[in-house]
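Below, each chain spelled out in residue letters.
Protein chains: 2
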Amino acid sequence: MKLSPLQKARYQYVPKLPGMLRGGISEICVNEGEATKSVADQEKIKALFPNTYGKKEITFQKGKNTAVAKKQVVGVILSGGQAPGGHNVICGLYDALKATNKDNVLYGFKGGPSGLVEDDFVVFDDEFINRFRNTGGFDIIGSGRTKLETEEQFKIATEVCKKHGITAIVIIGGDDSNTNAAVLAEYFAAHKTGVSVIGCPKTIDGDLKNDDIEISFGFDTATKTYSELIGNIERDCNSAKKYWHFVKVMGRSASHVALECALETQPNICLISEEVAAKKMSLSQIANDIADSVCARAQKGWNFGVAIIPEGVVEFVPEFSKLIAEINDLLAGNKADAFNKLANWNEKYAFIEKGLSKESMQVFAILPQSIQQQLFLERDPHGNVQVSLIESEKLFSALVKDVLAERKKKGLYNGKFSPLHHFFGYEGRCAFPSNFDADYCYSLGYNACMLIQYGYNGYLSKVSNLSKPAENWVAGGMPITKMMNIERRHGEDKPVIRKALVELDGAPFKFFEAHRKEWSENTCYLYPGAIQYYGPTEVCDVITRTLALEKGLVEE
Amino acid sequence: MKLSPLQKARYQYVPKLPGMLRGGISEICVNEGEATKSVADQEKIKALFPNTYGKKEITFQKGKNTAVAKKQVVGVILSGGQAPGGHNVICGLYDALKATNKDNVLYGFKGGPSGLVEDDFVVFDDEFINRFRNTGGFDIIGSGRTKLETEEQFKIATEVCKKHGITAIVIIGGDDSNTNAAVLAEYFAAHKTGVSVIGCPKTIDGDLKNDDIEISFGFDTATKTYSELIGNIERDCNSAKKYWHFVKVMGRSASHVALECALETQPNICLISEEVAAKKMSLSQIANDIADSVCARAQKGWNFGVAIIPEGVVEFVPEFSKLIAEINDLLAGNKADAFNKLANWNEKYAFIEKGLSKESMQVFAILPQSIQQQLFLERDPHGNVQVSLIESEKLFSALVKDVLAERKKKGLYNGKFSPLHHFFGYEGRCAFPSNFDADYCYSLGYNACMLIQYGYNGYLSKVSNLSKPAENWVAGGMPITKMMNIERRHGEDKPVIRKALVELDGAPFKFFEAHRKEWSENTCYLYPGAIQYYGPTEVCDVITRTLALEKGLVEE
Chain R
3 MKLSPLQKAR
13 YQYVPKLPGM
23 LRGGISEICV
33 NEGEATKSVA
43 DQEKIKALFP
53 NTYGKKEITF
63 QKGKNTAVAK
73 KQVVGVILSG
83 GQAPGGHNVI
93 CGLYDALKAT
103 NKDNVLYGFK
113 GGPSGLVEDD
123 FVVFDDEFIN
133 RFRNTGGFDI
143 IGSGRTKLET
153 EEQFKIATEV
163 CKKHGITAIV
173 IIGGDDSNTN
183 AAVLAEYFAA
193 HKTGVSVIGC
203 PKTIDGDLKN
213 DDIEISFGFD
223 TATKTYSELI
233 GNIERDCNSA
243 KKYWHFVKVM
253 GRSASHVALE
263 CALETQPNIC
273 LISEEVAAKK
283 MSLSQIANDI
293 ADSVCARAQK
303 GWNFGVAIIP
313 EGVVEFVPEF
323 SKLIAEINDL
333 LAGNKADAFN
343 KLANWNEKYA
353 FIEKGLSKES
363 MQVFAILPQS
373 IQQQLFLERD
383 PHGNVQVSLI
393 ESEKLFSALV
403 KDVLAERKKK
413 GLYNGKFSPL
423 HHFFGYEGRC
433 AFPSNFDADY
443 CYSLGYNACM
453 LIQYGYNGYL
463 SKVSNLSKPA
473 ENWVAGGMPI
483 TKMMNIERRH
493 GEDKPVIRKA
503 LVELDGAPFK
513 FFEAHRKEWS
523 ENTCYLYPGA
533 IQYYGPTEVC
543 DVITRTLALE
553 KGLVEE
Chain L
3 MKLSPLQKAR
13 YQYVPKLPGM
23 LRGGISEICV
33 NEGEATKSVA
43 DQEKIKALFP
53 NTYGKKEITF
63 QKGKNTAVAK
73 KQVVGVILSG
83 GQAPGGHNVI
93 CGLYDALKAT
103 NKDNVLYGFK
113 GGPSGLVEDD
123 FVVFDDEFIN
133 RFRNTGGFDI
143 IGSGRTKLET
153 EEQFKIATEV
163 CKKHGITAIV
173 IIGGDDSNTN
183 AAVLAEYFAA
193 HKTGVSVIGC
203 PKTIDGDLKN
213 DDIEISFGFD
223 TATKTYSELI
233 GNIERDCNSA
243 KKYWHFVKVM
253 GRSASHVALE
263 CALETQPNIC
273 LISEEVAAKK
283 MSLSQIANDI
293 ADSVCARAQK
303 GWNFGVAIIP
313 EGVVEFVPEF
323 SKLIAEINDL
333 LAGNKADAFN
343 KLANWNEKYA
353 FIEKGLSKES
363 MQVFAILPQS
373 IQQQLFLERD
383 PHGNVQVSLI
393 ESEKLFSALV
403 KDVLAERKKK
413 GLYNGKFSPL
423 HHFFGYEGRC
433 AFPSNFDADY
443 CYSLGYNACM
453 LIQYGYNGYL
463 SKVSNLSKPA
473 ENWVAGGMPI
483 TKMMNIERRH
493 GEDKPVIRKA
503 LVELDGAPFK
513 FFEAHRKEWS
523 ENTCYLYPGA
533 IQYYGPTEVC
543 DVITRTLALE
553 KGLVEE
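Protein chains in written order, with the working numbering: chain R, 3 to 558; chain L, 3 to 558.
Take the hints with a grain of salt, since some may be wrong.
[Said to hold, decoys possible] Calculated lysine-lysine pairs in the DSS-like style (CA-CA distance at most 27 Å, straight line):
#1 R:K553 with L:K18
#2 L:K39 with R:K18
#3 R:K244 with L:K149
#4 R:K112 with L:K244
#5 R:K10 with L:K18
#6 R:K112 with L:K243
#7 L:K39 with R:K243
#8 L:K39 with L:K496
Just so you know, these hints were derived from the structure itself, not from any lab.
Turn these sequences into a full structure, and let the hints guide you.
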């Protein structure tokens, strides 16, 4: 098999473990902390998790390993979208298992959680594992989006575990997957299966974050990759001086990715969905804000700029959500038939005009025609508008163009506006993990093995103090139930891990807010460049700006 | 001014000069070679360049500097699209000028060649230059696309040079800009201005390449950046196993960029425009070829893949070029009025059907509607179709979809086809130059100064033997006229540097051709990862696969 030079070189990289885990397996002991309770709805969560609720937080420390020496057979699952570092979680887990007892076995269930219930697996050995050290992607065993949540699935999972003598399952996933990990852990405990479940916090979206999770893995690498590209585009834009670049970045609901990229690159504009929702902004308001930057810059002779658009922002615009709901309603069931029979767009437009409320029609009317048509013509199998397909970067540039045309008529603007569009998502989810993600993930996996060895169940592998050098990282575990509250999902009350949105009173947003006017009118671009895996530590071991700001580590 | 960690670190990088230039200015002497003649049309070129034709190739070597010690005042110009390393050409030129004589002066003409005729400039000093060492972009003085080609412009340029006492102009540009540099050099010589002109070979497209130019600068960094992204997408695609990614890469006419990216990443498909033209391929043929890969992979259960599409490929499809010509004709002048008055697309379609030849209508009919409409609705100020706006990545995925639907009906295909689309161009033109480009560009600039000092005019700064370590690079100069031939441009015979297209019997294409069937049916992805500026030399000093193959350096 042919390999790239970097891939060969990365095989040699030795991930940094937290200091307390560096003494070897026999030198790791447990320090039990306080009993925990869930962040909200304690009584309800407790009732739902009678066997796993209220357990103690633990940290590891240097000292004699007191775990019962028992052979472990562990199954690992990658769940959901790719994130750089997933391979290293598995490598860390594997190395710790083998270091503990060479007879320990690691199964990898293939294609996501469905691999467990379909009993589709590989058994790892050194040769297999070594091919994936410090590499990106989830191709080691594949991933999938099947949810493990039904009693039926749990029964099958129990059977599969019994069949292979599996003693623990490690689930690498986002908020939903870790919620399901907790439910599975409770099921295993209630049914006295002897199988424990450990979760690991993964998502490039950055929305699995709370008092116990400083950062989800993959966020660092993905945002550095997008920031590399945005910085390159900024430099291009500042050289050619003739385009406005509208850059959409991945992240369906929370805007952590957009915000981190903005902090790393200082673009002229960055929309934050949470702010749009909080201020109940309209499309026109947003377009006006962007146009203000375009005009201010045009006055200085700068007919160029960069705007970052979070993927899911349109869903946070109240009037737009309302419009979508009305369209879904207008074409629900067989009502779509009448619409589909209309001969051309003019007739369809008349139909729409009659069907929508006056307010929604006003919103609809300002959309560019390509998006109007998309809303009506490309619907999912249930007849609903596919919001995720909306090219919001083109939507906003079209709206801005209209605003500028108005201002030009009034003599308020006399520049040129040539927009270009980009979407960055797939480019970052499978990059070679940064040193931070390589170290963090390897530690999460190694640490998960220690939690298993010490018999913990329903715990999240927790590595914290991440803004410090790895030597000072703190490894341990936290009951997943501690992060839960009750939320209404699909009409039912469910215990779930709270999704972390961008906090408008948090330090990262506050920093952005304090600087954005300056960035919008001037050219303050920062060019982060490509992720470096070698070289000066200040270049190749940099934490995210978000984490640095949250920890109060940013001067000025 | 705030800077990224990498930018700060790159300031410290010391570019590697060719060994023969390392002894200091006083230790560089000239070795004159043979008199040259143009690659074709010798008599015509000689007649057009009586003062600069037929000069000798020169190389520098270690030895006593015999140049006349004369104060130099040099003006430098960045011409055309951005390419990583442009700043370093200027830094190398500046450093050599100052090392020769601290009273030497470097002017930077702003915004491209127009800066010279508009007398719009900056004068460089250490502080200014130091801010741009080893950085990407052309923002140091900006670039532009104005061509210096008229007698009128040359007269003004002469005046500007006289005014500032300028002794030489260095033009950093592509094939057209270097052609114009030769014409300007001839003008300056004929008019005994005493000003010399030196060209430097820049373009990420890679099409300024010949016996004397092994590679144009920027190609290395840009293709490595695109290959990073394509590799990441391949890894994502091989993890998620559910999408076909159609990736368009920049490069309007030649397919060097696409080919280099394919050699670096081994995708399932890569179209090469030159092959499409040579084989007179139709859109359907191309779509069929891609569909063959989709089907072969689907049979193995792999409903995913990656296809690279060169930006300009549709212009190389004969039937498509004919269609475009007919559309331009159909709507020429006031013929467009009748078309524009038609009420809706159905009526317009009927108009088109009547106006196009039967063959072109067949081509038009298979296009997706969005592209049909684009061809007719988005025309340039002259009423012509804007071919560059055609989203060819979407065009081909749509055509492939149709082919697959046909095959499905016949029971020949039973997979899923979910295409996603990307375009990479602006992301790579202003990346921090790779060590190769940083070294090569600095050497080109340094070398340009030596050519100036020794009084050469109409020369290209030539650095060769580039597949070897920089120590062994060969620095010298070549008369630009040597690379010229006569071509018909805009109805006139013009002396121009021949644009280098991908040679179908060249080693890079031959290698691709020999492997592409294997790549198309199997999963042979290579993941190059981000450009590394530090670390093991086999990671951070890698030449392009194209150059390695051309030099016979690739085993297997």
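Results for each hint:
1. R:K553 with L:K18: This hinted pair is violated, its Cα atoms lying about 41 Å apart.
2. L:K39 with R:K18: Violated, at about 61 Å.
3. R:K244 with L:K149: Holds, at about 18 Å.
4. R:K112 with L:K244: 15 Å, holds
5. R:K10 with L:K18: Within the cut-off at roughly 25 Å; holds.
6. R:K112 with L:K243: Holds, at about 12 Å.
7. L:K39 with R:K243: Not OK: K39 of chain L and K243 of chain R at ~40 Å, beyond 27 Å, violated.
8. L:K39 with L:K496: Between K39 of chain L and K496 of chain L the Cα gap is close to 17 Å, so the pair holds against 27 Å.
When held up to the earlier numbered hints, the structure conflicts with 1, 2, 7 and fits the remainder.
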